[in-house]
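Position chain B against the provided structure of chain A, taking the given hints into account.
Number of protein chains: 2
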Amino acid sequence: MARSPSRPLAVSLGDPAGIGPEVVAKCWDNRSGCDLPVFVAIGDPRSLAHVWDGPVELIEDPRQADCVFDHALPLLQIAATDCDLPGRPTVTGAHCSLDALEIAVGLSRSGSAAGTVTGPVSKEQLYSIGFVHPGQTEFVAERCGVSRGNVAMMLVGPTLRTVPVTTHVPVADVPASLSAALIEARGRTALRGLQRNFGIPEPTLAVSGLNPHAGEGGMLGREEIELIEPAIAALRAEGWRVTGPHPADTMFHAAARARYDAALCMYHDQALIPLKALHFEEGVNVTLGLPIVRTAPDHGTAFDIAGQDRADPRPMAAAIQMAAFCAANRELVE
Amino acid sequence: MARSPSRPLAVSLGDPAGIGPEVVAKCWDNRSGCDLPVFVAIGDPRSLAHVWDGPVELIEDPRQADCVFDHALPLLQIAATDCDLPGRPTVTGAHCSLDALEIAVGLSRSGSAAGTVTGPVSKEQLYSIGFVHPGQTEFVAERCGVSRGNVAMMLVGPTLRTVPVTTHVPVADVPASLSAALIEARGRTALRGLQRNFGIPEPTLAVSGLNPHAGEGGMLGREEIELIEPAIAALRAEGWRVTGPHPADTMFHAAARARYDAALCMYHDQALIPLKALHFEEGVNVTLGLPIVRTAPDHGTAFDIAGQDRADPRPMAAAIQMAAFCAANRELVE
Chain A
1039 MARSPSRPLA VSLGDPAGIG PEVVAKCWDN RSGCDLPVFV AIGDPRSLAH VWDGPVELIE
1099 DPRQADCVFD HALPLLQIAA TDCDLPGRPT VTGAHCSLDA LEIAVGLSRS GSAAGTVTGP
1159 VSKEQLYSIG FVHPGQTEFV AERCGVSRGN VAMMLVGPTL RTVPVTTHVP VADVPASLSA
1219 ALIEARGRTA LRGLQRNFGI PEPTLAVSGL NPHAGEGGML GREEIELIEP AIAALRAEGW
1279 RVTGPHPADT MFHAAARARY DAALCMYHDQ ALIPLKALHF EEGVNVTLGL PIVRTAPDHG
1339 TAFDIAGQDR ADPRPMAAAI QMAAFCAANR ELVE
Chain B
1039 MARSPSRPLA VSLGDPAGIG PEVVAKCWDN RSGCDLPVFV AIGDPRSLAH VWDGPVELIE
1099 DPRQADCVFD HALPLLQIAA TDCDLPGRPT VTGAHCSLDA LEIAVGLSRS GSAAGTVTGP
1159 VSKEQLYSIG FVHPGQTEFV AERCGVSRGN VAMMLVGPTL RTVPVTTHVP VADVPASLSA
1219 ALIEARGRTA LRGLQRNFGI PEPTLAVSGL NPHAGEGGML GREEIELIEP AIAALRAEGW
1279 RVTGPHPADT MFHAAARARY DAALCMYHDQ ALIPLKALHF EEGVNVTLGL PIVRTAPDHG
1339 TAFDIAGQDR ADPRPMAAAI QMAAFCAANR ELVE
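Chains A and B, in that order, give the protein sequences.
When the count follows our numbering, it moves up by one through the first sequence with no breaks and lands on 1372 for the last residue.
When the count follows our numbering, it moves up by one through the second sequence with no breaks and lands on 1372 for the last residue.
Excised from the complex, chain A in its bound form:
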């Protein structure tokens, strides 16, 4: 994690009424202790003032961040007409969070920033202003000109990386949402992402089964035989190192984790249960398949504790560190 990219990271504060401003400010406070690279915050300065009395310096160009970062939090200001109070989200705040996200992505796209770290937004508020994406990931993909099908969410902790094939899908709809083509596409995105973002030249991907005991030879479900095995075979035929389908319950202990660089999981909780059981405070969401680096802490706006100095900044610090790590790896290979 010691490598730093040569340009600053762009960190959107997320919803101004959420815990985003607080955790970003706390990260700046601990910039030395956490060994954080230079970053520029993007959002409403009043959302910081509500929860933090540290120094903020408004800048207009990310190139100024380098000179400011030592003595103040560099901020690219989003002008909000009305300011949210912590814990009280509004439509204005949703616009502000969306503008910050758009600017952060634009700076990374243009090369002014080394990558984007996104603070938590309120989907409910965003939907009320006409946002049509399932989440920030899909919005970022669209802004980068990448189809949703070619991006993947990777959850990263110190000893485990997981990629869910399906995400926010009810369990009853998971089997019908899976196809060999989708599993193969997600697997390929995961493998390329391991090369590009993590600097692993020949990554190994372990693919889970869907059913208990990976279907027990068809006795407990046939998705392993009909969908997962063909996807694995297709990836292997391209020369990738891919193992599985593995029974999901025996994939995540220390000895098993040592055998692969990432686990491709069939559904949300299969990927997130082990990641959060092992690495709750350090889990980072890394979007793979984009032309830019994008990470996010794996938590929401937490409106219920916003403004109370109770938010844990460790996930945001881990997301900033991870973005720097991925950006530095990309600078090495590109």
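What the hints contain is simulated information worked out from the structure, not anything from laboratory work.
Wrong hints could be hidden among the right ones.
[Stated by the list, open to error] Covered stretches of chain B (chain A as the covering partner; in silico rule of three or more C-beta atoms under 8 Å from a C-beta of chain A):
(1) 1241 to 1253
(2) 1307 to 1314
[What the hints assert, rightly or not] Simulated restraints, written as ranges between beta carbons of each label pair:
(3) G1277/A with E1162/B: 34 to 40 Å
(4) G1338/B with G1338/A: 36 to 42 Å
(5) T1197/B with S1150/A: 43 to 49 Å
(6) E1276/B with D1067/A: 47 to 53 Å
(7) A1219/B with E1369/A: 57 to 63 Å
(8) G1187/A with I1343/B: 38 to 44 Å
(9) P1239/A with G1144/B: 57 to 63 Å
(10) A1214/A with P1239/B: 41 to 47 Å
(11) G1187/A with R1297/B: 35 to 41 Å
All C-beta atoms, glycine included, are put in the ideal place defined by N, C-alpha and C.
Relative to chain A, chain B alone:
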């Protein structure tokens, strides 16, 4: 774990061609280091002789185990007409494993043994001799006169206990297999089991959701609202401490685990992924709802490594310790 029951435990060796005999023998070797209580092994002495050159002493009554255990592994002999070699399961071996299981349960039912620990069997071999149960658990339940619906499998590790509501069911069939009545029954069995086997007078049960984010208020599935919440309400109305439905991915980190005595999970992997991610070598299967204590190591026959001195005895040692712990707790309250 220091308490020991006043009678020996009955430990069936499982399939003679599997790793059961080896891990039981290794447990006796380490009886002091692991602080194991007196137990009597039940099975074919030749299956031990194939993999172990330690002392075995045949006994005819479990009461003799106490005098033998210090200097030899006490064994109740099952006469097999033909003996299996390690890694080469046969029909004869399946009969032997079933006889051992039946005797172990009988000794516990009669009070001659403090409880039963079962070595791993081959379901495939058992099915070939007419065994009609999904596993040893259901066989033990039947021999104890308890209906399958009223027993529950609890997976126990040092910092986590989980109980799956459904077990060996394909993911596609899980939603239809769930009902409020089943969730309620499993929850009640779990809570009573925590009182009886673990000595927790007022246990707290945390109930998981089925879907990502516990259904997100019905947006990602309605089982939480229609099945799980009514089951929780019914248990609370009886005075039990029950929380949830919780998003499954945020239930298993250390701070979350500290808030409950057991987690009731909706399906196999939801219960087993966190347990094995955290406690792979120490996971014990405890059957709740029986008149007797029954535990098992959470692994199979592992025919592929049998007879090679490679089997890890820690899960079997944990299962023996856990049976002793549960039996001692029962002796206290009964």
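These are the hints, each one checked on the structure:
Counting residues of the stretch 1241 to 1253 of chain B whose CB falls under 8 Å from any CB of chain A gives 5; the rule of at least 3 is met. Given a C-beta distance limit of less than 8 Å, the hint that chain A covers the stretch 1307 to 1314 of chain B holds, as 7 residues qualify and 3 suffice. At about 36 Å, the CB distance of G1277/A to E1162/B agrees with the hint of 34 to 40 Å. Separated by about 40 Å at the C-beta atoms, G1338/B and G1338/A satisfy the suggested range of 36 to 42 Å.
Evaluation of the 43 to 49 Å hint for T1197/B and S1150/A yields a pass: the beta carbon distance comes to about 46 Å. E1276/B and D1067/A have their C-beta atoms about 49 Å apart, which keeps the hinted 47 to 53 Å range intact. The supplied range of 57 to 63 Å is met by A1219/B and E1369/A, whose beta-carbon atoms lie about 59 Å from each other. The hinted range of 38 to 44 Å is satisfied by G1187/A and I1343/B, whose Cβ atoms lie roughly 42 Å apart.
Distance hint for P1239/A and G1144/B: a CB-CB separation of about 60 Å, consistent with the stated range 57 to 63 Å. Checked against the hint of 41 to 47 Å, the pair A1214/A and P1239/B passes, with Cβ atoms roughly 46 Å apart. A beta carbon spacing of about 39 Å between G1187/A and R1297/B agrees with the range 35 to 41 Å that was offered as a hint.
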